[in-house]
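Student: Spelled out, the chains give:
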Amino acid sequence: MKNFKHITLMCGHYGSGKTNVAVNLAFELKKQHENTAIADLDIVNPYFRTRDSEKELTDAGIRVICSRYAGTNLDAPAMPPEMYAITEDKTMKTIVDVGGDDRGAYALGRLSKMITDEGDYEMLMVINRSRPLTRDAESTIEVMREIEAACRIPFTGIVNNTNLGRETTAEDVLSSIAYAEEVSALSGLPVVMTTVREDIAPSLEGKCSNVFPLKLQNNLI
Amino acid sequence: MSDKVLMKGNEAIAEAAIIAGCRHYFGYPITPQTEIAAYMAKRMPKIGGCFLQAESEIAAINMVYGVASAGKRVMTSSSSPGISLKGEGLSYMAGADMPCLVVNVQRGGPGLGGIQPSQSDYFQATKAGGHGDFRMIVLAPASVQEMAELTVKGFELADKYRMTSMLLADGTMGQMMEPVALDLEVKPAPEKPWATNGTKMQRAHNITNSLSLVAEELEALNFARYEKYAEIEKNEVMYEEYMMDDAEICIAAFGIASRVSRNAIDEARRQGIKVGMIRPITLWPFPAAPFKAAADKVKSFISVELSMGQMIEDVRLATECKKPVTLCNRVGGMIPSPEQVLEAIIKANNGGAN
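Protein sequences, first through last, are from chains A and B. So the first sequence is numbered by our numbering: it starts at 4 and just counts up by one. So the second sequence is numbered by our numbering: it starts at -8 and just counts up by one.
Hints may contain errors.
[Said to hold, decoys possible] In silico DSS-like links for lysine-lysine, alpha-carbon gap of 27 Å or less:
#1 B/Lys37 to B/Lys(-5)
#2 A/Lys210 to B/Lys(-5)
#3 A/Lys218 to A/Lys5
#4 A/Lys218 to B/Lys(-5)
#5 B/Lys265 to B/Lys283
No lab work stands behind these hints, which were simulated from the structure alone. Keep in mind the model is a prediction, meaning the values are calculated, not measured.
Full structure from sequences and hints, please.
Tutor: Laid out in structure tokens, this is it:
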């Protein structure tokens, strides 16, 4: 991905892989722009948060903006006070990891006017055809509309992150292209990229455009 | 594209329950199981089912009691502190012989504890779900696939024996995502001639009740119920053995602890240590027989738990204390690492049983 906007918002269905894509995009953004941040605005998910990769991110010089309670034993759906830096610091480019579904996207509403007034943003819908409630384009569009209504920001693009976790094969990704294109046609938005586990990426060469290879975040189990 | 979908453990439980014919869900939100309720809230209205967020856990379990009495498949779910609140209802349902599925996605305790994973409700699930003499069938899944399969199994066993099945998971199992095949086989629910679903003026009234005014009758009910429990202990034990054929050390672990242990066993085997595992799938009835048999073959046992040592008591009972049983644990929301388990294995192998 090139030419990152001031703010890149990652939204999508719960469990579509937003956090993993967001973390990987932050590393990519850092290569292109010195003052880079990743912001975790997830107020829904108790486990598996951006913060799990905090050390790798800060070691790479990426600012991590997240609730001090994320990943702790306290179940407080809190927003980080630092979040205003996302809109106010014009020299900093940020990848924003938004919570899943409309429930997660409500948190973004606080910033929506500032973001849309400035207009220098990308709002990406992360889709995964392997998730049971977004198996077809129609139900995916339904989730998109719910998210837009909740956060009051229209989507600008689609990220096809179809995967089955570690069991994902190149065929799984290839067979999802038609689905992603249908979501694109129904929404009138481009498929900005297809994100795949990095070891699968080479086998997709020539068969799928805009492939973005992902390193999977650490998982102990 | 394979037929598998990527699901959180909590979602797999909810979808499997729907597949099993459950159309009534009552609950109250608590982390880390809230996705079960959220999934039901989205799906139930679309299939003519009932999702109801009750005003409390106590209300929810009593709604379950009501639907069970009407003869329908019904469930509730919660996490540790919420299950404690349901304890009274669990006992009443046992006293009235009502079938249902209760899910506990455990978190650290005691008290309000924390939201991170734990297995410290083992005692509660297997020995003291509430007051009085009663048992629950307790199922312990170790993968998202198994969460789906054991949900179906839980409903079937509950109906078969007219009692509560509890699915005992933990926060990590509930939150982690894995591919699941949802082509689950479901046996239809049996006839329930005892259900309070209307006499249609064609039969005598059925009564759902856990109150007995005559001591002799209450005693007889208890004896009869324990005869049923003995049948279950004979017929329904489930467990999995891993590398036990030549094992000199036996790990006892269920759920998330068994996954960590499996990694540690693989590494220990690479180092030439003969270690295996017995993974109970039913915690009650506890798989006592394989542990008893292993006690004649192995040097020692290691119970790997996310508790201060609860299942270890059943391992000691099952093995009649023939061999030492040591504990390898983390608590309060922490998970033992494969390295910690490996260290315990090496220590046991060197004869340092404690």
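Student: All hints are to be evaluated individually against the structure, with a verdict given for each.
Tutor: Verification of the hints:
no., hint, result
1, B/Lys37 to B/Lys(-5), "holds, 22 Å"
2, A/Lys210 to B/Lys(-5), "holds, 23 Å"
3, A/Lys218 to A/Lys5, "holds, 18 Å"
4, A/Lys218 to B/Lys(-5), "holds, 23 Å"
5, B/Lys265 to B/Lys283, "holds, 19 Å"
Checked against the numbered hints given earlier, this structure breaks none of them.
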